[in-house]
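Q: What follows is the residue order along each chain.
2 protein chains.
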Amino acid sequence: MSEKFKRDHHCGTLTKADSGKEVALCGWVSKRRDHGGLIFIDLRDRSGICQVVIDPDAGESFKNAEAVRSEYVIQVFGKVRERDAETVNPNIATGEIEVVAHTLNVLNGAKTPPFYIQDGIDTDENLRLKYRYLDLRRPEMQANLILRHKVTKLMRDYMDNNGFLEIETPMLCKSTPEGARDYLVPSRVNPGKFYALPQSPQIFKQLLMVGGYERYFQIARCFRDEDLRADRQPEFTQLDVEMSFVEMDDVMDMMEGLIAYVFKGALGVDIQRPMQRMTWDEAMDKYGSDKPDLRFDMPLINMVDAVSGSDFKVFNNIIADGGIVKAINVKGDANIPRRELDGLVDFVAIYGAKGLAWMQIQPDGSVKSPIAKFFDEAHLNKIKETAGAEPGDLLLFVADKPATVAQALGALRIEMAKRMNLIDKDKLCFTWVTRFPMFEWNEDEKRWVAMHHPFTAPCDEDLPMLQTNPGKVYAKAYDMVLNGVELGGGSIRIHRRDVQNAIFEAIGLTDEEAQEKFGFMMQAFEYGAPPHGGLAFGLDRMIMLMAKRPSIRDVIAFPKTQNANDMMSEAPNLVDDKQLRELHIRLSLLAKDKKQ
Amino acid sequence: MSEKFKRDHHCGTLTKADSGKEVALCGWVSKRRDHGGLIFIDLRDRSGICQVVIDPDAGESFKNAEAVRSEYVIQVFGKVRERDAETVNPNIATGEIEVVAHTLNVLNGAKTPPFYIQDGIDTDENLRLKYRYLDLRRPEMQANLILRHKVTKLMRDYMDNNGFLEIETPMLCKSTPEGARDYLVPSRVNPGKFYALPQSPQIFKQLLMVGGYERYFQIARCFRDEDLRADRQPEFTQLDVEMSFVEMDDVMDMMEGLIAYVFKGALGVDIQRPMQRMTWDEAMDKYGSDKPDLRFDMPLINMVDAVSGSDFKVFNNIIADGGIVKAINVKGDANIPRRELDGLVDFVAIYGAKGLAWMQIQPDGSVKSPIAKFFDEAHLNKIKETAGAEPGDLLLFVADKPATVAQALGALRIEMAKRMNLIDKDKLCFTWVTRFPMFEWNEDEKRWVAMHHPFTAPCDEDLPMLQTNPGKVYAKAYDMVLNGVELGGGSIRIHRRDVQNAIFEAIGLTDEEAQEKFGFMMQAFEYGAPPHGGLAFGLDRMIMLMAKRPSIRDVIAFPKTQNANDMMSEAPNLVDDKQLRELHIRLSLLAKDKKQ
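Residue numbers (the UniProt record's numbering), protein chains in the order written: chain A, 1 to 596; chain B, 1 to 596.
Note that these hints are calculated values from the structure, not bench results. On a predicted model such as this, the values are computed, not experimentally measured, just so you know. Honestly, I wouldn't trust all of these hints.
To be verified - DEER-style ranges, computed between Cβ atoms:
| # | chain 1 | residue 1 | chain 2 | residue 2 | range |
| --- | --- | --- | --- | --- | --- |
| 1 | B | R497 | A | H453 | 52 to 62 Å |
| 2 | A | R69 | B | T510 | 23 to 33 Å |
| 3 | A | A93 | B | V189 | 37 to 47 Å |
| 4 | B | L38 | A | G519 | 32 to 42 Å |
| 5 | B | E415 | A | A143 | 23 to 33 Å |
| 6 | B | E3 | A | N563 | 48 to 58 Å |
| 7 | B | D498 | A | N89 | 35 to 45 Å |
| 8 | A | E570 | B | I121 | 45 to 55 Å |
| 9 | B | E3 | A | M451 | 56 to 66 Å |
| 10 | B | G20 | A | D249 | 43 to 53 Å |
Claimed, not checked - According to the in silico footprint, chain A covers these stretches of chain B (three or more CB under 8 Å from chain A):
| # | stretch |
| --- | --- |
| 11 | 291-300 |
| 12 | 363-372 |
| 13 | 522-532 |
A virtual CB, placed ideally from N, CA and C, is assigned to each residue, including glycine.
The shape of chain A in the complex, shown without the other chains (with noise of 0.2 Å):
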């Protein structure tokens, strides 16, 4: 290293070990104080934070030590000693010693901050984004960097190791109507012409298996122009992967390894293979959701066959509707205040829920609710015993159409396992959800539409019905779900040309159209397509749920507002009236208040 920034130790890793070496550091002021006529300064680097110490005797360097405030950058030269037992600070790594500075020079001065560079602050989130490069120098900021440094590399290793290719695929693209909305970039040379943003690298990972790649990743920057929720970013990345010669246990095995790798590498956990597996049916049945919190139990029960032939003519009306009824059993609290009870009406309204019922078991095992008098007591008895309740227990009821019993008994189990406190946050389960149903009917176009996308595979003992019942087929397609959450999800391509017809036939689209659609990828596959399959892991997600971290905006270097500004560049900005000349456009800025 140069000798006028010499550093040859870093602040955080100092240790007793070290006592009486002579030591460099160069960092940042965390903190000053004074105190019985000597400096102390809490002396910052990436590594961490170590207590530097210097007295009137340093002369020169002493009147540097009085200059500095919080955030200047120095550096010091001295040597580290062991602290006095009463001085030990237990709560820092470097407690137990200190660097007696006998050097100590500004590298540069600092304005005070309009924020304190320290964890846990509670400051708004606009101003810590305004100043990101102050809020980035945060102990807790860093530390979610790194560890997004760290996941990303052991990806790597791991992909790298099993004789994937990484292979950057374009990021000035084709628009295609399909999917969310696309970020748009006029062309210059091409008049009148657009880019688009790649939403994902789908079609080229398919395109690179079809050029005989077997083995592809690439670590891509996608982009949506949807309005964002609170976990969503116009720019995000994601771990892309795709295999050749593949079903889907090899795509799910590989990727299984993958996960374990990188939590073992990066966390120090092990996660235990191989993971749980269910089907989509099971999930939606069971937990109201394609991507259960399997962190606590409390499943969703089906109570059709315990309350059928009761006089309750709510249920029995919504039964003979082809609905059903679903409770779930919320151990422990059966002497929920009324008005709680009341609001859980107004949750599961939310999701399209008209009414919530409800039991609360006494401690005679008597039930109290609304509706206890519309059953007798072999009604009550089987009930109980369905729901598996004791004395104590709440239970939850909604009857509706099996959609909106599970949307809202879904969300209403994990509402409660919340207010329970049963969901232990250093818990990691993960699932795999398989066997997507491969279509949805869409009433508005009263058509079946692909659930995925039109190339995932369907499973091969359901092709003989995608003529007769699509309803039935299941896709080969796969999710990954922790604690609740989807990180990534993929599936089994379509490789065959006979498949693709009749998946295509199925949604309703003639050939003609099938080939204006998907054009040069239709094309492709005719010239020797192997068998593929894939996935894409969500990285930003990962990255937050591995960091425990409320927000995927404190595991991007530089995130935008639900507004997709950037606070500190103040990006987007207006542009010259001669740029817009170049790329053929104008602005239309009335249009939309000509109410068009």
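Model the placement of chain B on the given structure of chain A, informed by the hints.
A: Just chain B now, with coordinates in the frame of chain A:
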């Protein structure tokens, strides 16, 4: 692996040692030929090619083989056996064996490809680009992308080993008036505003240094909307690096280490360290270029002393006007035909030289030259001596302004080396070029402008000349050059406000103008910026050189043409009016025709 697409070996890896083994292979039919009642198939996968032979006893599988054509995707089960001595094929790695198939399954058919899937084809590049997925199947293209994967993996390993963190920076950035033309992305949520795709992560990486990350790198996609030359793409990839608490030598040492590690790991080549270094002045003086090709010598020789005082007015006048006279000595080219010499006059004219003089040294040491008559014996001897000219040599002179001489004679040096076949294509000659001028004079604006960017640090010893003689101030900037190609470059950045102000003053920017132009960046630097510097390598070009390919398009999976088109997907394309309306823009295609 799944049973259905089982394979337990790869085609290109089978050797005599595998003889007798039962193997399962999957791949593409490279060639099929029928001979002596048997069918021979060259089966290709990513690892290479091996010969499969199947005879009529195989029954159903033989029938399958009869149906197979080029580029069919098949699965083969069979036994490896050594070939007879006379059928060994020394041209392929697996030429000593073949696989006798007992089972052959067709996994997918293929239409006849529009060109041969083999190395060294001379197919029109546009056709190759249209069917890129087929072109990518050719073994030499696969080798390029495999090399690219290896290189980026090695880079990341080295950077990680040296404590660098890979941190992703945004793709949706702010448009700045500096530098090349931006690609713009209209914002839907912020009507009338635009993002710009990054030309480089320069500002973000410097902010990460302010943020205390100390060692950053990223393999980053960058964008420039410039008219494309043969070796340019609208999007390109660079290895971007930044370090804190460093001086020039630290960055250069670290990056030499990287290049040595990568070349050793990917090509098995040992790079000599430390690399040669020369200043920009030396490079321009001796090679007429800031990216000298050192695979051959032929330096530019200053002839001013040798020609002074002669009767040749052309030289005398140019020297009197502050110009110079330089020559190169093309060893052994004295017998160059006159016609070719005339061509060289045209060649240097491209670079702005008004003329070219020559001297052919005869076997007896005498000088044959149209201008010989203007020089007496003593001058001619001095010229020969200065140029190290011996019988058989050709001296080529350019006299002009120093910059013109450098450009013209520098280009001629390369041209003559090519003609004389002096360039050893297997040689790797690295050099650093350092101490670039800080400023260059802009004749249009009548002011000094920064040669790199205005955050580049001037050399410490030149600081006093910032006000008095900016033209003599050199920068802490460095380029790494390989075989006459700039691999990458960077600089130490200014971290202190007083120096930054002096630079702004030198280029005639007021404090307010600087603030407006570099706003949040200037602000960030007031909160404790560490000394820092970095560098960026152009990845596409580096891989191209390593793979010895003539074009970067050969090392990019899905490149664009010189019109920035993707021939395969036909991007850019027309988009819906609705998409434009949502982005608050409309086309303005007639603007240029209206000549506004």
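Q: Taking each numbered hint in turn, which are not upheld by the structure, reported in ascending numerical order?
A: As far as the earlier hints go, 5, 9, 10, 11 and 12 are violated by this structure, in ascending order.
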